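In case you want the letters, here they are:
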Amino acid sequence: MKALYQQLILDHYRNPRNRGELEEDGSTVEIHVRNPTCGDEIRLQLRVEEDRIQDIKFLGDGCSISQAAVSMMTTILKGKELDEAFGVTRRFTGMMHGDEEAARDPALGNLRSLAGVSRFPVRVKCALLGFEALQEAMKKSRSREEG
Amino acid sequence: MASPATHPPTDSPALAGSQSLGPRPGGSGPELDVEAIRADFPILHQEVNGRPLVYLDNAATSQKPAVVVEAIEGFYRRDNANVHRGLHELSRRSTERYEGARGVVASWLGVEDPGEVIWTRGATEAINLVARSWGDSHLREGDEILLTDLEHHSNLVPWQMLAARTGARLRYLELDDEGELILDDLPRILEGGRVRIAAISQVSNALGTLNPVAEIARQVKAHGGLVLVDGAQGAAHAPVRIPDLGIDFYAFSGHKMCGPTGVGVLWARRELLEAMEPFQGGGDMIDEVHRDHSTWAQLPYKFEAGTPNISGAIGLAEAIRYLNAVGAERILAHEQRLVRRTMKALEAMPGIRLFGPGDPAHRAGVVSFTMEGTHPHDIATILDSEGVAIRAGHHCAQLVMKRYGVAATARASFYLYNTEAEVDRLVESLGTVREIFG
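As you go down the protein sequences, you meet chains A and B in turn.
Yeah, the first sequence ends on 147 if you go by the numbering used here, and it's all consecutive.
Yeah, the second sequence ends on 438 if you go by the numbering used here, and it's all consecutive.
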């Protein structure tokens with residue numbers, strides 16, 4: 001159990017990074033996701049300028065896995081280009097589905113502490129909730145740019 | 001293997017010698033022989049994550065005694081055929097067992113007319129049946145439907161849909177801080193004379209509260225309304241006798257009371273059923289079929305379109321025989337002993353918040369709680385790693401969660417086969433949660 005609940009995870013759960021709200025302007029997008037079966041929810045905001053995540057904040061309520069994962073995600077993605085962020089999303093999703101090579105990717109940074117979640121299939125959806133919001137937000141941002 | 005048809009539940013070691021006891025109205029009788037009961041439930045005897053399984057998720061679904069599993073298997077091995085159709089021996093046997101099961105339900109509910117017992121997929125379908133077949137033709141704009149904040153979504157959403165179709169208005173009985181319905185509000189709600197139906201749970205799945213349904217029914221009926229009781233938890237955990245409740249509709253599911261999934265019952269008074277349109281059309285529910293119209297079969301078949309869950313009905317009847325022999329009052333008293341032990345231990349743990357009635361005598365076997373600084377899902381995962389199965393979440397009762405300002409709770413729910421030692425395992429594993437989360 002302690003392999004699942006590593007100190008890093010508990011630390012992000014208790015002291016979430018980038019928790020809060022961005023001041024809305026033309027460059028912010030916001031997505032609200034919810035897991036209807038368990039009630040976990042995340043409201044994610046991105047400020048995207050020139051295809052780069054300039055700022056990122058979230059508000060959320062849920063279990064340690066969902067909240068620590070989104071907190072770690074924000075620390076890694078701040079300042080990244082959207083293509084890099086999509087890459088991190090793919091790698092993290094792969095790690096959650098047991099891809100050991102993905103789990104060794106240094107681009108995942110602290111998120112690698114969540115590798116143990118892949119052995120708890122019912123909790124994988126918790127870890128992926130923030131990334132679900134991220135993907136929606138990035139798509140929304142891109143479609144806005146193109147529109 | 002013994003033939004189930006000749007293998008009555010009285011062969012069970014748990015029930016040996018208990019035949020003369022039966023249910024004892026108003027009393028709890030002697031304590032259950034839990035070890036003997038456990039011997040009747042094969043699934044309990046396994047390890048999960050290296051520890052003996054402690055199954056405390058009974059409000060979600062109960063486990064099944066061997067007699068129920070064997071009754072279903074025996075039906076498929078020897079008697080399977082469609083009911084009410086064939087002129088052959090197997091169809092005769094199948095029909096006899098299926099209708100016999102209906103009779104078992106009727107007498108268990110304390111009603112004389114098996115035609116009032118409608119098989120459904122479960123309590124949810126039974127409630128939807130009433131909301132559609134009674135509600136659509138009896139409610140109009142301005143009428144009121146009385147619900148409570150304690151209801152499971154299955155006893156909320158069908159009524160919300162009915163209100164949207166008819167323009168009826170939803171009213172709610174609210175909860176006090178201990179999870180009990182505030183009955184003092186009832187006269188004020190009823191005095192307008194617009195409540196046409198009240199739909200109330202007998203036992204709360206989220207908090208375990210035993211609701212005073214007979215008293216609520218008395219008041220609602222005095223103002224001309226009908227009363228539906230959602231017995232999904234009640235049928236499993238509290239004694240049920242329809243004549244004592246004074247209600248019009250009763251819905252329950254088999255799987256929460258030692259029966260199989262996919263079968264349940266709607267009981268309703270005959271004159272109400274006679275005046276209701278069918279819920280679904282199809283085979284078995286018709287009298288005559290013409291090109292442009294059909295006429296309906298007699299009760300209960302009018303409400304049973306299509307080939308029914310025959311083995312499910314047979315399994316549920318076997319479950320009822322089993323529970324009856326143990327005695328509903330004794331089961332409830334046993335659950336309340338476990339609740340008392342759990343609450344006492346949890347009250348002594350720092351950071352634990354308990355939900356629901358403070359007096360275990362006002363509850364069936366449910367203890368809902370939260371732990372400061374630890375989400376219920378994390379509690380459930382850590383408990384599972386030590387073989388203890390509980391539920392964490394909103395329990396399909398989001399109005400209850402909103403009332404107490406939480407998104408989710410952890411819930412331990414007990415049944416006749418749970419032991420005090422298992423309560424201690426729960427408490428021990430909560431210590432592990434505390435160790436990890438600090």
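It should be emphasised that the hints constitute simulated quantities derived from the structure, not laboratory data.
Possibly wrong hints are sitting among the right ones.
[What the hints assert, rightly or not] Taking lysine to any residue pairs in the SDA-like style, the calculated list, with each CA pair at most 20 Å apart, reads:
1) A:LYS2 <-> B:LYS402
2) A:LYS125 <-> B:SER385
3) A:LYS2 <-> B:ASN49
4) A:LYS2 <-> B:ALA407
5) A:LYS57 <-> A:LYS2
6) A:LYS80 <-> B:GLY438
7) A:LYS2 <-> B:ASN324
8) A:LYS2 <-> B:ASP384
9) A:LYS125 <-> B:GLY438
10) A:LYS125 <-> B:ALA407
11) A:LYS78 <-> B:LYS402
12) B:LYS402 <-> A:LYS57
13) B:LYS402 <-> A:LYS125
[Unchecked claim] Cβ-to-Cβ under 8 Å is the rule here; a few derived chain A residues that face chain B:
14) LEU59
15) PHE86
16) THR89
[Claimed, not checked] Non-contacting residues of chain A with respect to chain B, defined by C-beta distances greater than 12 Å in every case (computed):
17) VAL29
18) GLU41
19) GLY62
20) GLN67
21) GLY79
22) THR93
23) ALA103
24) VAL117
25) VAL122
Source: prediction; values computed, not measured.
A virtual CB, placed ideally from N, CA and C, is assigned to each residue, including glycine.
* Okay, which hints does this one fail, numbers in order? -> Result: hints 1, 4, 5, 6, 7, 9, 11, 12, 13, 14, 15, 16, 18, 19, 20, 24 and 25 break, sorted rising.
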